[in-house]
Amino acid sequence: MSGAALVWARLTPAGRILAVLLPVLAVGGALTTALLIVFGGAIAATIGANLPIVRFLAASVITFLITVPTAFLLIYMEMKIIALMNLRIGPDRIGPAGAVMSIVHGLKVLMKEDYTPPSVDVPVFTLAPVVVYLASFMTVMVIPFAPELTSVGLELGLLYFFAIGGLGVVGLMMAGWSSFNKYSLLGGIRAAAQAISYEIPLTLSVVGIVILTGTLSLPKIVAAQSGSLLDWFIFRQPLAAIIFFIAITAEANRTPFDNTEADQEIVAGFATEYSGMRFGFFFFAEYVNVFIVSALFSAVFLGGSNAPLVLPFHPEIIINLGSLGIMLPILAGIAPVIGTLVCAAPIWFASSRIKTWQALVAGFLIFGGLSTAAIGFWAWAMIPALGNLIWFLIKTFSLVFVFVWMRGTLPRARIDQLMGFAWKWLLPASLLNIFATALAVLLTTSGGN
Amino acid sequence: MPQQTRPSLDDPRISIPAGSEWYEPAPTPQTERQAEFLTLKDGEMFVNMGPQHPSTHGVLRVVIKIDGEKVVDLDPVLGYLHRGVEKLCENADYHQAICYTDPLEYVSSLFCEAAPVAAFEKLMEVDVPRRAQYIRVLTMELNRIASHTLFQGWMALDLGGLTPILWSFIERDEIVDMLAALTGQKLLYNYYRIGGVNGDLNHEFMSRLGTWMSRAAAQIDSNLGLINENELFVRRTRGLGVLDAKTALRMGVTGPNLRSTGVPYDLRRDRPYLVYPELEFDIPTRTEGDSLARYLVRIDEIKQSIRIIDQVLHEMPDGPVMAKLPRLIRPRPGRAFGAVEGPRGVYGTYAISDGTDQPFRMRIHDPSFVHLQLVGPLTRGNLIADTMAVMASLDPVMGGVDK
Amino acid sequence: MDSALATLLATKLGERLLLPVRQRFDETEIRVSIAHATETLRILHDDPILEFEMLIDLCGVDTGEEMQVVYHLSSSRSSDWLRLIVPGLERNAPRIASATSIWPGAEWMEREAYDMFGIIFEGNRDLRRIYMPDDYRSFPLRKDFYLADDASRSPAAGVRNMERAGTPQDATPATALRRTTGA
Amino acid sequence: MARIPGSGLVRGMALTLTRFFQPKRTVMYPEVKPDIPPRNRGRLELVTDEHGALKCETCFQCAQACPIECIDMGGTDTKGRFAVHWGPAEQYAERREESALRRSGRTVSDAAAAQGSSIDITAVDATLEQFDYDPHAMLGILEGIQAAYGYLPVDALKRVSRATGAWYAMVYGTATFYRHLRFEPGRTRSIAICRCAPCLAAGTGRVAGTLTAEFNTELGRAIPWSNLRLETLPGHLAEAPSPLVVIDGEQQRDLNARNVETWTAALAGRYAA
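Chains as they are written, first to last, in our numbering: chain A, 2 to 450; chain B, 77 to 479; chain C, 1221 to 1403; chain D, 172 to 444.
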C-alpha cells in the first residue's frame, strides 16, 4: 500500500472532501486570475460594449433564482394559514414553526420517481411543465418591485404581462392532451376555457387606468399613483379593481375558481399523470402565479412601491464610516458588549429574583433589537429603494394572504357558473367602466380648455 | 362501435392498441340496460371514477358516460367492500352476529347494532329495561349528531371547501370520545346486547356529555355559518338533483332524503320503538327535494336530536340495564323484522330463527344501498361536478352499501 | 299489531292467500303463490285503503328445500310491517316476476337476490352480479355454500364442497339477458 | 336569503378569520397520548406475579366462554417453533409453563421443580418432617420455614407444594393471607409519611409521590422485592416540625420545606440498592 493511499485511508470524510476540494480551488483560482489578467480588458470591453444584453441575462437569471424561494415561502404560508383557519397547528416539526417544511416538500418532489406512463405523447408531455413554469417566471421580469428594482422596464409591460401570462394555458393544454388521461384532458380544456373567458375582463378592466395614465408601462403606472393614499387606483377605479381581482383569481386558478385541478371532480386535472419534479414544476408555477398576480394587483391598484403616507421629511443621515479610522473595528468589537451590559443593568437591578444570566440574555436581545432597528432605519434612510421594496412586498403578501384566506373559506364554483359570471357580468361591467372613465376624462379635459 | 364524426378517447383508433399490455377489451354487455349503457354516441366517452377517488365515500366505482362536461349516463359498480356479512352472521351465534353487523356503517355503527338487536329481541320475546331503552335512545341520538355533523363537512368538501370537514371532525371527535368513555371503543362500539346494553352510564361519559351539551348547539351553528348562506354553495346545490315525493316513494327512499321531498316519514313516529313515543320532537321536512333541501333537513335534525338528548337526560330512570336472559341465545323458530330510523334512513334486519343458536337467515337492509340507485337518475344531464354534489347530498356510506 | 289490517287483507286478497294472515309483534305476514305475487303487490300498492306505498326491503331466502322471496312493505295507514312471503321457488331454477314495474327502487335489491341466490326476476332490466365479480359462478348465500372456517369446523363437508355450490341450470347472466330481452 | 350578494361569502370569510386567531385543537400525538377509556376491550395480556411467573392458569376457559370471541388466546407451540393463534389448549407452550402447571394443580415435572432450588432446602424438609407433610398444617409449616430462613423463599414454597401435594396456589394463598409471613428477607424498613395538612403544604406530598413513583408501589403496601414499606403516618406527632417523615420510628430532622426534592432523591437512592 503506497503512502498516499495510507494517508487517504486515515482521513475523515470531511478531510477527504477538503483534500479534493482545496487543490481544485487553488488551480481554478489561479487559472481564472490568469485569464482575467490576460483577457480582462477584452472582457470588460465586451461587457461595456453590449450592456443591455448582459443586463437582460443578469435580470433573467436573478428572477429565475428568486421564483423558487418565493414558491417555497408561499407554499409554507398556505399550509400554515389554512391549518390555523382549520383550528389545526399545521407544520411545526421541521424548522422553527415548520418553516422548512415546504423546502422538504421540494426535496421530496425532487427525489420521487419521475414516471412517464405508457402511450403518452412523450415530447409534449415532457415540455408541458417547462412551458408552464417559463410563462410564470418570465412575467416576474416586468414587475416593478421598486423604481430602481425593475429588471426589465418594458414600455408595454402590462401588455407583455397579459400575453405571457396567457401563455401558461398552452402548457396546461399540452399537459392535458399529451398525458392520455381523460381527467387530464378535462382539466386542460377547463383551463383553456377559463383562461380565455377571464383574459377578456382582465384586460378590459385595466383599460380605464391606461386611459388615465396614458401608458402601458408598469413603472409609470406606479409612478402615476405616487402621492397620498387617495391617488391609488383602487380608490379611483373601484369597479375595475373588483373585476381585476376576480379575474386574476381565475387566472391563477385559485379557489373558488380552481376548476382546472378540482380534485373532487377530476382527480388532479392536467397534472394527474405527472410525478416527481415534473409535477413539482406545475406546483411551483401555481404559487409563483399567485405571487405574480398579487404583485400586479398591488402595482396597478395599490400604488405599488409607494408608501401609503407621504412623510413630510426624509431624514438625511451622513455617516462617513471611513472617518472613524482605527476606532471602527474597536467600536465594532466593544459596542455590543457595552450595549448588552447597559441594557441588562436596569433589568438586573429591577428585581432580585432575576438571575444574572437571564438579565444578560434579555439585555442582549434588547440591544440586538435596538441596533437592528437603528441599522434598518439607517438603511431605509440611505437607500430609498429599500423602503419602496418593503412597501411593495407588504402589499403583495397581504394580497397573497387574502388568496390563501379565500382558499381556506370558499367552496368551488361550478364551471358553467364560472363562465356565465365572466361573460354575463364581468365583461359588461368592465366595458361600462371603460366608458365611464373615458367620459370622465373627456369632460375634465374639455372643461380644462 | 358506430362510426363517429367526433371521435372520443374510447375510440379504438386513438386508444391503446390491442397488442399492448395495457389494453383492456370492452366489457361484454350482460343485460339490456348494460348494453344500452355501453353503446357510445357521438363524442361521448367513459370516465372511470373510483374505486380510489377523492370524493366517492369509500371504495365506490362509478363509470360515467360524459359528453364534454355533461353526464349522459352513469353506472355505479359495487362490491369492492363486500364482506359477506349476511353469510358470516348465519355462521355465527346471535351475539357474534351483532358484532359482525357493527362495522357495516362505520359512520353510525350504533344503528347497525340496534336493528339486529331489535330483531333478536323480538325473536326472544324479551322486554328491554326502561333505563336501557333510554340509554339506547341517548347513544343513538348522539351517534346521529356525529354522523350528520360529519355529513355537512363531507358535503362542503365535495363542493371544494377545505375547512368545514375539519371543524365537523372536531365536533364528531368530542362525541366519539364520549361514546368511547361509555362503550370502550371509539368507532365500532359493540355496545348493545340482546335485552339491554353492555354497561351502565359512567361518570366520565356524563361529565363529557354535560360539557358538550353546554356548548354543542352554539358551536355547530357557528360552524354552519361558514357555508349555509354561502352564495357559491347555495347556487351549486339549489335546484340540483330534484327528487319529487312520488319518485322517492317508488324508489324506496327513506330517511332525510325522503323527508326532504315533503313526506314526513320517520320510524320514530310511524313505527314507534324504544321510548320515542314518550319524547317530544319534530320531524323536520322540506318540500324542494333538491340537494340543498337534503342538506338542510339533516342540519335541522341535529337540533332535534339535541332536544331529544336533553329530554332523555331529564327523564332517565334508574334500574337495571340488562334483562335476564340465558347466556346462550336460542330463540323459538320464527321470523322477525327489526328496524330503526338511522341518520340515513331505515336500517332493517330480517332474522329467521330455526331454534338453534345461530340465525338461520339474517337479511341486513341498508338505506345507503337504495339511495345509491338515485345517483344515476338525479345526475343525468347535469355536469360532472354535480355528480359529486348529488352523491354527497344523498350521503351514502360504502361500508353499508357493500355489506 | 292491529287486527283491522288482518281482516282488511283477508277481504282484499281473498283466495290468493296461501295461509291465513299471521300477526306477531308489529308484523303482519301473508303468503301468496308465485303466480299471484305481482298482482298482490299491485293491489297492496294501488289500493286506496291499503296503500302500501313503500317497499322497505326485498330479499331472497333459501330454506334448504325451496327458495323464497320476502317483501317488507310499509304503509302510512297502519303501524304494522307487512311481510309478503312468496314461497315455493324450486332451487334449481328459481324464477319470479320482477317488482321493478311497481317499485323501480327494487332493481338493485333484486340484483342482490340474484347475486346471492340465483333467483331470476323476469322483467328486471339490469339483472346481473352486483357484489360478486361477473365471472363468479356460485351463489354464496345458498345453504349448500360452505364458508372456509365453517369447513374447518366440520371436517367432513367443507372446502371440498365450497366450489361446487349448487348452480341452477340456466341461471347464468346470459340466460338472464335472454329472458329479459325476450330473445 | 335575499340580501346583498356576497354577504354570505363575507360572513364566511369573517368566520374563518376569527377561527384563525382562536386556540387550536390539535393533539400533539407522539408527545400527548390519549388515555385509553376504562371500558376499553382491547388486547388482553397475561399478567405475571411479582416473581415474574405467570398468574394465568392458561385453562382457556375465558376464550371459550367469551360470547363474542373477543378474548382469543394465542402463544407459541410446545416446540417453540410457531406462534399458535387458535387451537387446542395442549399445544401451547404457555400451558407447560411451570407456575401455570402449579397454579392449575397439574403435576410439575421434576426438571421444572429442580431447576429452581437455589437455596438448600434441608430446613424445609426438616419442617415438613416435623409436621408430617400435612397440608392441613400449612400455617405451621410456613411459620417454621420463616423461623428457619427469616422469610419464605419461593423455592421453599415450591418444595412444600410438591412435598405436601398442596397446590402452589393454596400454599401461596396461605403465605400471602397471614400478615406476619414475609416473602422478603430481613425486617421491613418502614417509611411513614405524615399527610396532615401542614405537612402536605410543606411538601410531604412530593415525598410520597417521588417515593411511590421510584419504588412503583402505593402507600401502605409492602414492596415485595425490597424490604421497604411506605406507610401513611396515622397522625402528626406532637411538637414535631413539618414536613414530618418517620423512618423506622425515628423522625427525620434533616428534612425541611426547602430541601424536599434533594432529600427525597437521596433517600430513594439510599433504599433503591
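Calculated directly from the structure, the hints in this document are not laboratory data.
Given the structure is predicted, the values throughout are model-derived calculations rather than measurements.
One thing to keep in mind: the hints can contain errors.
Claimed, not checked - Simulated pairs of lysine to any residue, SDA-like, Cα-Cα distance not exceeding 25 Å:
1. K1363/C x D169/B
2. K425/A x N458/B
3. K163/B x S1295/C
4. K195/D x A294/B
5. K204/D x D118/B
Against the structure, the hints come out as follows:
1. K1363/C x D169/B: Judged against 25 Å, a Cα distance of about 16 Å means the pair holds.
2. K425/A x N458/B: Measuring from Cα to Cα gives roughly 21 Å; hence the hint holds.
3. K163/B x S1295/C: violated (30 Å)
4. K195/D x A294/B: Distance of about 18 Å is within 25 Å: holds.
5. K204/D x D118/B: violated (59 Å)
Hints 3 and 5 from the list above are not met by this structure, while the remaining hints are.
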